[in-house]
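Order-wise, the sequence lines are chains A and B.
Going by this note's numbering, the first sequence opens with residue 16, and the numbers climb by one from there.
Going by this note's numbering, the second sequence opens with residue 16, and the numbers climb by one from there.
Source of the hints: derived by calculation from the structure; they are not laboratory data.
A few of these clues could be false.
Where chains are identical, the list cannot tell them apart; a pair therefore holds if satisfied intra-copy or between any two copies.
Pairs of lysine to aspartate or glutamate, EDC-like flavour, derived with a Cα cap of 16 Å [what the hints assert, rightly or not]:
#1 Lys28 x Asp90
#2 Lys98 x Glu71
#3 Lys98 x Glu53
#4 Lys45 x Glu93
2 protein chains.
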Amino acid sequence: MNAQNITIKQFQKLISERYEATDRARGTPKTFLWFIEEVGELATALNGNDRANLREEFADVFAWLCTLANINDVDLTEALAEKYLQEGASKQPK
Amino acid sequence: MNAQNITIKQFQKLISERYEATDRARGTPKTFLWFIEEVGELATALNGNDRANLREEFADVFAWLCTLANINDVDLTEALAEKYLQEGASKQPK
Numbered sequence: 016m017n018a019q020n021i022t023i024k025q026f027q028k029l030i031s032e033r034y035e036a037t038d039r040a041r042g043t044p045k046t047f048l049w050f051i052e053e054v055g056e057l058a059t060a061l062n063g064n065d066r067a068n069l070r071e072e073f074a075d076v077f078a079w080l081c082t083l084a085n086i087n088d089v090d091l092t093e094a095l096a097e098k099y100l101q102e103g104a105s106k107q108p109k
Numbered sequence: 016m017n018a019q020n021i022t023i024k025q026f027q028k029l030i031s032e033r034y035e036a037t038d039r040a041r042g043t044p045k046t047f048l049w050f051i052e053e054v055g056e057l058a059t060a061l062n063g064n065d066r067a068n069l070r071e072e073f074a075d076v077f078a079w080l081c082t083l084a085n086i087n088d089v090d091l092t093e094a095l096a097e098k099y100l101q102e103g104a105s106k107q108p109k
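Use the sequences and the hints to build the structure in full.
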């Protein structure tokens, strides 16, 4: 796998292979708490000047979003395709 | 672009091309408020039974995370590579 060209599908699968069993056992509500903890750390990093920490917090929020999607049987690529990759999607607001 | 094989880099660039000028003008604090609004909508969707809405809210949180990364000059692929795609990364906790 070329890290620079990793697809959303590949990364979501990697998070699944590495963590999904534990994540499913924890369940969505507790996993959401972990996700929000990382969102809080991202807010702290956005307020600071540590670029390496900022990159890490973006990565962690991204990974936990993948986890939440995995344990809720959501394929992020399909979700993004439906909302953002259709013909004419560029005219939609986010 | 094949939507099913879209890379993280391609999607972040698409969000940049579509929204970054507006997003930069808004700035990080106000953009974070929008991001959190979407996180709240994801929480609501996780509590509900509407699968299409759940997919949409995952897509929106993902897109707004890309926006926050764009206006803070963070390449999500590089951030993920540093934290999750290194040799031995599988032994790290999230």
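Is the C-alpha distance from Lys45 to Glu93 at most 16 Å within one copy, between copies, in both cases, or in neither?
-> The answer is neither: 25 Å in one copy and 28 Å across copies each exceed 16 Å.
Homo-oligomer pair classification [Glu71, Lys98; C-alpha up to 16 Å] = between (27 Å within a copy, 7 Å between copies)
Since the copies are identical, ignore which copy is meant and state whether Lys28 and Asp90 lie within 16 Å (CA to CA) inside a copy, between copies, both or neither.
-> within (10 Å within a copy, 20 Å between copies)
At 16 Å max between alpha carbons, let me know whether Lys98 reaches Glu53 within a copy, between copies, both or neither.
-> between (25 Å within a copy, 14 Å between copies)
Violated hint for the displayed structure: number 4, the only one.
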